[in-house]
Structures are given as structure tokens and as C-alpha cells.
Amino acid sequence: MSTADDDAIVARELTKTFVVARKHTGRFAGLRSLLDPVSDKVTVVDRLTMRVGRGELVALLGPNGAGKSTSIKMLTGILTPTSGEVYVDGRVPHKDRTSNARSIGAVFGQKTQLWWDLPARQSFALLRDIFDVPQALYDRQIADFDSILQLSEFWHTPVRNLSLGQRVRCEMAAAMLHDPRIVFLDEPTIGMDVVVKEQTREFLRAQVQERGRTIVLTTHDMTEVARLCERVLLINRGRLMFDGTLTQLKAEHGGTSHVNVTFAEPVNAVSVPGTRLVSHDGMRAVLAPEGATTPEDVVRALISHYPVVNVGVEETNLEDLMRDVYLAQLDAASAASHLA
Amino acid sequence: MATNIASTTAHDRRRGRVHDLRHVARVVGKVTALNVRARMEYRADFAVSVLFGIIWQTSTLMFASVLLTRFKGGLGNFPATGVLLIIGMRLLSHGLYVLIYSNLAWLPRLVDEGRVDGYFLRPLPVFTQLLLSQFNVNAIGDIAVGGSSLGVALTLVHVHWNVAKALYMAAAVIGGLLVEAALQLMLACLLLRSPGSRVLGSWVDELMSTFGNYPLSILPRVVQALFTFLLPLAFVAYFPVEVILGIAPKHGVMSLVVHWSPLIGGLLFIVAHRVWVYSLRHYTTAGG
Ligand SMILES: Nc1ncnc2c1ncn2[C@@H]1O[C@H](COP(=O)(O)OP(=O)(O)OP(=O)(O)O)[C@@H](O)[C@H]1O
Ligand SMILES: [Mg+2]
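As you go down the protein sequences, you meet chains F and L in turn.
For the first sequence, numbering that gives the first Met the number 0 assigns the number 0 to the initial residue and increments by one for each residue that follows.
For the second sequence, numbering that gives the first Met the number 0 assigns the number 0 to the initial residue and increments by one for each residue that follows.
None of these hints come from the bench; they were simulated from the model.
Check the hints yourself; a few may be wrong.
[Unchecked claim] Straight line, CA to CA, 25 Å or less: simulated DMTMM-like cross-link-like pairs of lysine to aspartate or glutamate: (1) K94/F x D19/L; (2) K29/L x D138/F; (3) K94/F x E84/F; (4) K196/F x E318/F; (5) K94/F x E112/L; (6) K29/L x D128/F; (7) K29/L x D145/F; (8) K40/F x D111/L; (9) K29/L x D116/F; (10) K29/L x D131/F; (11) K22/F x D111/L; (12) K196/F x E112/L; (13) K110/F x D111/L; (14) K94/F x D111/L; (15) K110/F x E112/L; (16) K29/L x D19/L.
Can you build the whole structure from these sequences, using the hints too?
The following block contains the structure:
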């Protein structure tokens, strides 16, 4: 095992279990909960092992409730893990909170960390004081952030009056003001319009490429992932299911494309070697090539064996791929639990 | 990458200063000034908050003075002016408590909004940031009424003042503020676990303002014991005023306890803060 500090982030068997009080129902439910507290343990992050190198931009993906935010909260030191090890910039975040705060920045898109009553600009100045950022660095950062994120249009407005997209942009600037090495972004593009999303992506790319920051982000926006991240980590039910590039993910999960075919007359059974039948209703069928089979192979096989009137190849978009992956994992998980 | 390294060495040089109390004090000053300014933006709201504080506390005061004019001989072993001294000291302690610590009561909301999560990400104690989350304007009214009733009480009460007694009284006011802060901080720890315990906080608040204004000696012994050892209200103003008036017990354990009462607040607060630090380690955030 290597030492903890050559990678930006190291997690080994990281686990978080919440104790949730079980609610009594029926008569005197409140009283019974008080007298006879029953609690369940839910494991939300389950033996997560991962590494993120310095200067990497990684997406943490997974369906709702997968444990993304919980993982990020452990990596930022907000939550103490139930078990396992975690090192961020060589430190254990929840043990060394103050120094950890200096080397990381974080944005939780659905929550706010700015002073509600104050204009964002004043929040920035306060953060400068809190983090003791040298004035020259501060000025440079502010100019830098403003040039891409165009904050000066609204940074004199109290944060409570900002639109969601404006506020999140301010949050992002606030999180990076003290020049942190590692940045965590939990759904940073939530509520942003297309133009602002593109600005934000440009901003994040610049932060990685020019400033050498490490960024871990979560999002449900697949376009974002495709445009921004080389590497994705997929978690589901708290477990790491995949770690690699998007291309690898596409390859592993079969058909990056579908073949849509229309027959001249209803066909009883469609079967082409090296494919998976996605759907079939008499006159129409959708097939997904698997393994080494290419869409062209499928088209050729279909034409030579069936009364084909129309055939087309459709590239699967990332959104569909993700849905397939999530659903496949759900099936696998429920099959496993039936066996157990 | 180069920029990061350069700024880190600059940071390292400055790092020590963060732990420096002066730095924290400066941050506290700046944030408070901005918070006050932010509240002043809504002038009407600001004025109403101050006024409300004054009216609220004055009504307490009026009730007490009605009571005292009815019982000219005082309450129990207490002269009427001594009761006024209790009220003045407690109101001032409470006003200072509201000024500094009353954001504790907002903890559940701050947790829900994810603000507490944010406090973990800055190089200042979570507790300090919690206290700085907003400025409580009604503290101004509380302190104004507390200060003036204490002033009136001081002109009426028959005490031979000297420096030691004055310092003792000041310590007692701070001790009283810390008793209340310690109790609410303990409750805040409970709030971190279950937001439902919020009612407990207002209940304690209610108890303290209802019973805190009168000499506990008028209450049954059992209740006196409860307010000494369970909800240590007796330490807020009652015991110190007994000492100032020279009617504190002269012998036994209680004599010791009563004379050292200003210290109790500090001790309780230290214990409560320990519990707080422990609770933060077991903090579970709002989902999201
Ligand atoms: N404090 C808590 N106590 C109990 N359960 C919790 C707590 N926080 C989160 N959970 C549960 O843990 C699971 C994972 O939550 P988490 O917020 O990490 O999911 P997520 O991957 O971020 O989902 P989303 O995409 O919806 O943001 C959920 O089922 C959630 O209900
Ligand atoms: Mg989430």
C-alpha cells in the first residue's frame, strides 16, 4: 500500500451507516416511539474504495439516493465515516478539520454557504478574512472568477434575492477563493441555463488545466459529464459499480447503438447471433449488438434472414446508457436479494 | 500547479495567525458589523424588533413593580429593592445572552439549510460561525431594559459598595449569562440529534424568565432544590444577590456554593462545550 499523500484523494473501504429511528404507527405512536425506540441501521455508503490523482476531474454518478452526497460529505470532513479510511490531500478530513478546510473547497448546489443577508461581494471579503487570503491573490481570484462567471452583474445584490443559477455561481467562486487544491461540487449546475452551464464548464476546465486543481463533481446531467470528465465513478446503493472512462463504460454495457428494423409482415421470433433483443412487437424490433458484433453485422444478418423494409442504426445517448446501467444494476441487486 | 505551491507557502506563514485570538476577534467584529448593517437595511423591521424587546421586558418589570408595591416589606427574606436587583441583573445577563448566544435556538434551521455543513469547511470553530450567523436585534431592547432596571436597582438598594463587590456583581452577570448559554448549548446538542427537541429550548427560556425574577426562597423547598441542581436558575442572579445583600448562608456547603455561584456558569459552559464538540463528531447532516 502506498502512503496516503501522493494522490489527492484516497478512500479505502469507506462506509457510512446511519441509525434511523423506526416510526411506530397506530395509537399512541409518539409515546411508543419514546418508550420503546426501535432503530434500523442503513448502510448508505458501502466499502467505497477509490483514488483520485492530482489535477483530475472526476464525475461521481449514480441514481437518486445512491450515496453520492454522503460520500462527498465524508470526503470533506462534514461526516465522520462509520468505518474505513479516507485521506484528502494527505489528511484525514474529519480529524484535521481546520487544515483540511484550507486545502479543500466545496459547493452543495442545493444548499447555500453564503451569508443570506449580505451581497455576495461582501461574503467574498469575509471569506478572505476568514481564510486569511493575501490581498493580491484575492484580487486575482476575484478578477479571474468574474471574467468567466460574470459575477459582477449581480454581486451587489443580497444573496437572498439572487436567482438559483446566480447564487450557485457565487457559491462556486466562494468555494475557490482561498485557492484550494481539491474541490468538491455536489450538483453545481443545478438551476443553470444552457449558457451559464457552458460558462461553468469552461470555468471548471480552466481551474483544472491552468490551476491544477482536482475536482470531484456529482451531476445528473449527462451532457455535462460527456463534455467535462474523462473519468467517471459510478455508485449505486452505496457501492462502487464502475470506475473508468466513459468509453469504457459504453463498451462494458453493450450496445452503444441500437438497430431499429421494420419488417414487411409480422415476424414471430427475431433472433440474430451476437445481439440482444431490446424490443419486438410483430412488425418492428430493436436489437442491440453485443461483444464484437457491430451494427453493420446486425444489419447484414437481418436483411439476409428477414423480410426487411426499413432498417436504421441509432447511437445510444448517454442518458439512455445511464438508465440501462442503473436498471441493470437494480435487477442484479434484487435478484441477489431474492437468492439470499 | 505553480500558483498553488506559491500561495501555500504564503498560507503557511500566516497559518499560525488563524489560531490567534486577534484574528478571530477581527473576523467576529467584521461579520457582526456586516450583520448589523444588513439588518439595518430594513429600518422598520429593525425598529420594531428593538421596540418589541423593550416592551416585552418592560412588561416583566411592571408586573414585578406592582408586586413589590403590594409587598412593601419585600418577598420572603428579601427586601423589595433586592428583588429589583435580581430582576436587573437577570435581565442584563439575559440580554447579553441573547446578543451573543441566541442563534443556538436556530440550529435546526441552519442544519436544514445546509449552513452547518458549510461551517465544517472553514478554518473557524463551528460554534463561532453558528453564533455569527445573524445579528439578533431584539438583544438591544433586552440589554437596554436590563441595564436601566439594574441602574435603578443600584440607586435604591442599601449596599455599601466597594470595588470587590462591584467586580463580584459584574462576574455574577457574566456567570448568569453563561448559565443560560450552557443550558441552551446542551439543548443545542440534543437538537443536533433530534430537531423535535426544539420545544424544550423555549420551555427552559420560559421557566427562566418566569421564575428567575423572584427570590427562590418564596418557593417550596423542593422547587428551590430543582432550580438549584436541575435547572440551575438560582445561580443566575438569586445567589449572587444574596451575597451582595449580605443575607447568604454563613456556614456549610450551601454557603460555599452560594458564594462561588458566579463561577458555576463558567464551569457549566465548559462542560456544555465539551458535549458540543463530542456531538459535532457524531453530526449527521440533513439529506441532500
Ligand atoms: N442523515 C441521514 N440519516 C438517514 N439516512 C440518510 C441521511 N442522509 C442521507 N440518508 C440516506 O442515504 C441515502 C443516500 O443519500 P445521498 O444524499 O448520499 O444520495 P445521493 O446519491 O446524493 O442522491 P441524489 O442524487 O438524490 O442527490 C438516501 O437513501 C438517503 O435517504
Ligand atoms: Mg445528492
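Verification of the hints:
no.: 1; hint: K94/F x D19/L; in the structure: 20 Å, holds
no.: 2; hint: K29/L x D138/F; in the structure: 19 Å, holds
no.: 3; hint: K94/F x E84/F; in the structure: 12 Å, holds
no.: 4; hint: K196/F x E318/F; in the structure: 17 Å, holds
no.: 5; hint: K94/F x E112/L; in the structure: 24 Å, holds
no.: 6; hint: K29/L x D128/F; in the structure: 9 Å, holds
no.: 7; hint: K29/L x D145/F; in the structure: 24 Å, holds
no.: 8; hint: K40/F x D111/L; in the structure: 22 Å, holds
no.: 9; hint: K29/L x D116/F; in the structure: 14 Å, holds
no.: 10; hint: K29/L x D131/F; in the structure: 13 Å, holds
no.: 11; hint: K22/F x D111/L; in the structure: 21 Å, holds
no.: 12; hint: K196/F x E112/L; in the structure: 24 Å, holds
no.: 13; hint: K110/F x D111/L; in the structure: 9 Å, holds
no.: 14; hint: K94/F x D111/L; in the structure: 24 Å, holds
no.: 15; hint: K110/F x E112/L; in the structure: 6 Å, holds
no.: 16; hint: K29/L x D19/L; in the structure: 16 Å, holds
When each numbered hint is compared with the structure, no violation occurs for any of them.
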